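Chains as they are written, first to last, in my numbering: chain A, 2 to 385; chain S, 2 to 385; chain V, 2 to 385; chain E, 2 to 385.
Be careful, since some hints might not be right.
Since the list gives no way to pick out one identical chain from another, each pair is judged satisfied if it fits inside one copy or across any two copies.
As the list claims (entries may be wrong) - Derived DSS-like pairs: lysine-lysine, alpha-carbon spacing no greater than 25 angstroms straight-line:
| id | residue 1 | residue 2 |
| --- | --- | --- |
| 1 | K379 | K4 |
| 2 | K334 | K97 |
| 3 | K238 | K271 |
| 4 | K370 | K273 |
| 5 | K370 | K357 |
| 6 | K273 | K159 |
| 7 | K279 | K225 |
| 8 | K379 | K261 |
Worth flagging that the hints you see were computed from the coordinates, not collected in a lab. Nothing here was measured: the structure is a model prediction, and the numbers come from that model.
Number of protein chains: 4
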Amino acid sequence: MSKRNVCVVIASRANYGRAKYLMKAIKDSENLNLQLIVGASTLLERFGRAINVIRSDGFEPDRTIEYVIEGETLLTQAKSTGLGIIEIATALNDLKPDMVVTVADRFETMATAIATSYLNIPLIHLQGGEISGNLDDRVRHSITKLADYHFVATELSKKRVLQMGEEEFRVFNYGCPAMDVITHININISNEIMKKYGGVGMNVDWTEPYILVIQHPVTTSYGKGMEQISETLNACKTIKGITKIVLWPNIDAGSDDVSKGIRIFREQNKDKGFHYFKNFSPEDYIRVLNSAQCVVGNSSSIIRECAFLGVPGVIIGDRQNAREHGKNVVFAKYEKNDILAKINDQISHGRYDSDKIFGHGNAGQLIAKQLEIIDLQKQKRNAY
Amino acid sequence: MSKRNVCVVIASRANYGRAKYLMKAIKDSENLNLQLIVGASTLLERFGRAINVIRSDGFEPDRTIEYVIEGETLLTQAKSTGLGIIEIATALNDLKPDMVVTVADRFETMATAIATSYLNIPLIHLQGGEISGNLDDRVRHSITKLADYHFVATELSKKRVLQMGEEEFRVFNYGCPAMDVITHININISNEIMKKYGGVGMNVDWTEPYILVIQHPVTTSYGKGMEQISETLNACKTIKGITKIVLWPNIDAGSDDVSKGIRIFREQNKDKGFHYFKNFSPEDYIRVLNSAQCVVGNSSSIIRECAFLGVPGVIIGDRQNAREHGKNVVFAKYEKNDILAKINDQISHGRYDSDKIFGHGNAGQLIAKQLEIIDLQKQKRNAY
Amino acid sequence: MSKRNVCVVIASRANYGRAKYLMKAIKDSENLNLQLIVGASTLLERFGRAINVIRSDGFEPDRTIEYVIEGETLLTQAKSTGLGIIEIATALNDLKPDMVVTVADRFETMATAIATSYLNIPLIHLQGGEISGNLDDRVRHSITKLADYHFVATELSKKRVLQMGEEEFRVFNYGCPAMDVITHININISNEIMKKYGGVGMNVDWTEPYILVIQHPVTTSYGKGMEQISETLNACKTIKGITKIVLWPNIDAGSDDVSKGIRIFREQNKDKGFHYFKNFSPEDYIRVLNSAQCVVGNSSSIIRECAFLGVPGVIIGDRQNAREHGKNVVFAKYEKNDILAKINDQISHGRYDSDKIFGHGNAGQLIAKQLEIIDLQKQKRNAY
Amino acid sequence: MSKRNVCVVIASRANYGRAKYLMKAIKDSENLNLQLIVGASTLLERFGRAINVIRSDGFEPDRTIEYVIEGETLLTQAKSTGLGIIEIATALNDLKPDMVVTVADRFETMATAIATSYLNIPLIHLQGGEISGNLDDRVRHSITKLADYHFVATELSKKRVLQMGEEEFRVFNYGCPAMDVITHININISNEIMKKYGGVGMNVDWTEPYILVIQHPVTTSYGKGMEQISETLNACKTIKGITKIVLWPNIDAGSDDVSKGIRIFREQNKDKGFHYFKNFSPEDYIRVLNSAQCVVGNSSSIIRECAFLGVPGVIIGDRQNAREHGKNVVFAKYEKNDILAKINDQISHGRYDSDKIFGHGNAGQLIAKQLEIIDLQKQKRNAY
């Protein structure tokens, strides 16, 4: 029997964080052949050119596609989706995969989902059924209705996907593949490991306690990103005697806004113990999360990876407010004092027990196993 | 209070058939202002340039957008969707409507749905919740998950939309606006009315009995269109002493295939009582349906308009096989003899009683009334 | 030394007719490696899918790109150019050729020229410096100013390219590569050879005398194509006792118009000795030209191939009116009687002597030899 | 007689600097009506959103079009051109201008030129016939061959345009419209005027002597921008006791590179008398040029505006090396010591006499007068 061609489309560094161990498992499978399309922000300097990490991990893309229209407004995000569809469709038509894997819920994911469905190629969706309380929800659920098979990350997600009318045999819960990295590496941080991120203003002692800030723009409150990040950073500033590590936000409508907020804060707050990073490899990202006293912001990794790791988190605002979560997180408003109080509470509490609601860190392999055997001919029906 | 700007996007003649009386109602409303984008196959000669009908009905487009990539393959359909998103997004960003109305389930509709959602403009979807058993289903349900308000055509559709997690206050069943034309015009046909479609080989006596064939390509059985239409036409050919009216298919992946089948049949069957038409105005289309002894093929109007009108129909193949339907239709396989038998049965039976499962022919006005008052601020939540 | 990668972009059947023997020579060269992109109308059923001929000649494309936006208006032609640039750029960025070859003067050629120049890849242009008296001239000269090396077809063309400021060492006159086919094949026609084009209404006896009509739309008189072709066809109809072979036009703004004119004429003139063909292989096209009593229309092959072959031609209208030409052609207005008189004159005259103003039929090999050695580093300067 | 619709397409802040007084003259004309399309980098925050200046000058765009694909590589520049063509064509098809004005030589200009020519709309080109010795030359001359009328800036440029075969009556030398601003405003600088650019690190005393640095990326030496700007900045650093004003570069392939060079230098050289600005209004830009002791870099304004103003300039590298220039400039290599020597020479020399080789500062009005009367029907011919 010839191998099944599985085309994975990676369109952001977050995508890659999720898909990496699945890609490894596909590559290692005797029954599958990995095809790889890399596009959008993974190719951009400004977002750390994740393509370099992908290549150095041993994955060579079959196609690279630039399709981010500059501007970071809602308009350019819509147009980028359109351009992505055009070029991904051309690439898929050439590569002729037996199935296409797409991850999560953002505009780049939608481009992959549309191109794939319209070409009548079976679509494999990771991370369906989740709810975060914003525009991403629409896109995620919309992709669910286009997808042929769903590899969800939690039981509740599975229930939601089924309720939307998807057939039971199409839905698998193997947990979130982003957890896989945790079980595959040594998660201890060291200054030795982190020195590759060195550079201007980055001389952090990673063995000392630190707070980690990861705050992305929220598409439904477009235009307020600068103000929102400013509350967070000012709260952190109040906490003396501890390092603060700040990550630059994802590309997204409004990310210029959050970035601007960070830039202004940085200009006005030199030598206040803040350090700013663009990007970590998925492995080092886990290490950075794992050693934090507290992770603050709205990144989904506060809910996922930190639950598994037992790291305390403070979720700010409504980007994640409807998400399923473990005991390790508390919620705060976009308000300096509230944020400050919650961070202090969490630091006092210290580490939590590991919580496996997002899986056991072996999703990649389990998913690959399924991709070897799922029925690719069967036409999708709605269950009602 | 200033008027609400309602932007209707029309991307095929079928779209216009559905939306026309809603557009009239919006135009007549004191609280609404109609904006109009016309694109895709409505601008193409080969599909009868519906734009001309739209203009002669008194609607002047704010934008016309060419976005059909030639080829009529799955690939070009996907790419057309991408191009549509790019240019519709630019147009919407300029026109700044308070809401956008999109109709049904095809690739052009998806382009509108994506552009609108990504711009954070409330999306109004007509015809959600239906099931036809093919790729259109995915697209339709996918659009449902993007839309803010749903104007469905039947109770069963409403149930499905709710089950997919849409909030109850967002779903309205006023019936299908395509029915509206029936209640707004004199539906009697005459040669006088039809002479405007005159031309080579078109001298039909419309007061005599005829069978009407409307068969579109089926995206999930791409590549078989020529063979499928051939079975139908050969079945019709067997029935002597009755005129056969054939409509050219919609633009779609595979429509070249169906068109080719018709062309070949036409060449080989001159003077066999077959007549071929590209397009009718929505009004004349109703008249042509209403006077048919039997309507054969897979057009959704066999299920909808014909149910209301009580015209017997034979649905061929699986394009509509899961659709809710009235007593007026029977189903046949893609097989000459089966088709022939079913047509004969239906002609013997004669007209059915009018069935209002798709509404009472006043949907346009009822929908417009709702558009005046629906809450456009309220963020969408999933009901579970 | 590693081979030089030469990427040839073929975007119409005419392109292929010109480039075929160059492609063969590149493939056969020990110092060159052929890369092939095939796109636009070569992929379309309606234009005879030249891709099939290309493949059966043993050339396998590295990329196929659909970029014709449907409509055949000036607008869609402009937009197709834009889409072509986007996707050709992506392909070239992937294939990383050492140089790119583009042919002639149409919108697809411009797409290749822009994508290539902007990527800083040396651009090789065939057929520069010619003048035909319409929009094509602008495009052709515009491409000349983008190109690095020019392989022109006549001495006069060379003079014009130099006058536009191109450096002398960049311009070569090896004649037109479209002539090459003539010297590489047996140019005698036979019914045996032509039977592969058989089908409805095509039973021509190719050994009997015939007139050949090849009339393309003229972009500068957009909208008059139907009327223009009608004059030609009616002139031909007057000439009794001789077969008339009509070729469907190229894809172009306005080609729907010419096609429509042909369709209407065909409907009204059955059994008048007219036969219609979509496409011939380049070889059979030469045979069809060579055996014609007279070739009528505005195809550039009347001027080129027919000069070499000595076949009488009647050029109608202004599409070619400024072109350099041999003794074998006379010019007629878009007027039935004038056309008729000129055809009769030419049939009376009979064959002309072979004229080598467009080369000796070995351009492909001579060009390939140059491509092996041209300086690809040297920055272009203007000669003044 | 109805007014002629003149559509001006502005796609960069430099475009606007050139076209502003022509736009004013068109707006003021009784025989012309201004249509305005604004796109590309004029809409981007990162390039100072020139759209805001345009609006505050009283020009309201008919269309705004985002078409910059992010990445600033040769590839994304090519793709941006393609996207620009698509959307500009749609806009022009809607606006139906009698002619379109495009400025200069960059990729955004090419997009306008192609869309306009392909739509058969007369194209008016400003700044043709110049030579700068890089890729821009190809694009500029290529546009010349597409354009119907040429408004060149110098006699030498006129000669070149004619030599390329353009007809004499199509070429006008009224000088460069960028000079117009100089004659329409009070060109004296003051801290009062400049305080609107205030902000972090920008407290310049504009009445004190300063050196001005304006260095753009050079497309033909792509990848070396960082190194090149670094030589310049280090040369300036050596000159003590004088303020250095640095402008961020234009959007272009490689501009990330130059920007990065500036950023790194800035980080390492705080408090060394350097100040960085994103953008000035065209008026203030003239004031900033006029008061400089010396202007250093490769901006064309060193050659143009500074010639008129009599400000000493040092041109670095080959971006402008073939350009016609006045006595006010000297040339330096990309080498710190050479640059330093030339700057010192020029500061010692002091101001030059005003040189009018680029016109008298009334081009806008003279061009507008011509646009009222040029023949828009006459088909373009090549003069040989």
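We went through each hint and held it up to the structure:
1. Within a single copy, K379 and K4 get their C-alpha atoms as close as 19 angstroms, which meets the 25 angstroms cut-off; across copies the closest is 47 angstroms, which misses it.
2. For the homomeric pair K334 and K97, neither the shortest alpha-carbon distance inside one copy (48 angstroms) nor that between copies (31 angstroms) is at most 25 angstroms.
3. In the homo-oligomer, the alpha carbons of K238 and K271 lie at most 25 angstroms apart both inside one protomer (11 angstroms) and across protomers (24 angstroms), since each shortest distance falls under that limit.
4. For a Cα distance limit of 25 angstroms, the shortest separation of K370 from K273 qualifies neither inside one copy, at 50 angstroms, nor across copies, at 58 angstroms.
5. In the homo-oligomer, the alpha carbons of K370 and K357 lie at most 25 angstroms apart inside one protomer (21 angstroms), although the nearest pairing across protomers, at 50 angstroms, exceeds that limit.
6. Taking identical chains as interchangeable, the C-alpha atoms of K273 and K159 are never at most 25 angstroms apart, the minima being 45 angstroms within one chain and 57 angstroms between chains.
7. For the homomeric pair K279 and K225, the shortest alpha-carbon distances inside one copy (21 angstroms) and between copies (23 angstroms) are both at most 25 angstroms.
8. In this assembly of identical chains, K379 and K261 lie within 25 angstroms of each other by CA distance neither inside one copy nor across copies; the values are 49 angstroms within and 29 angstroms between.
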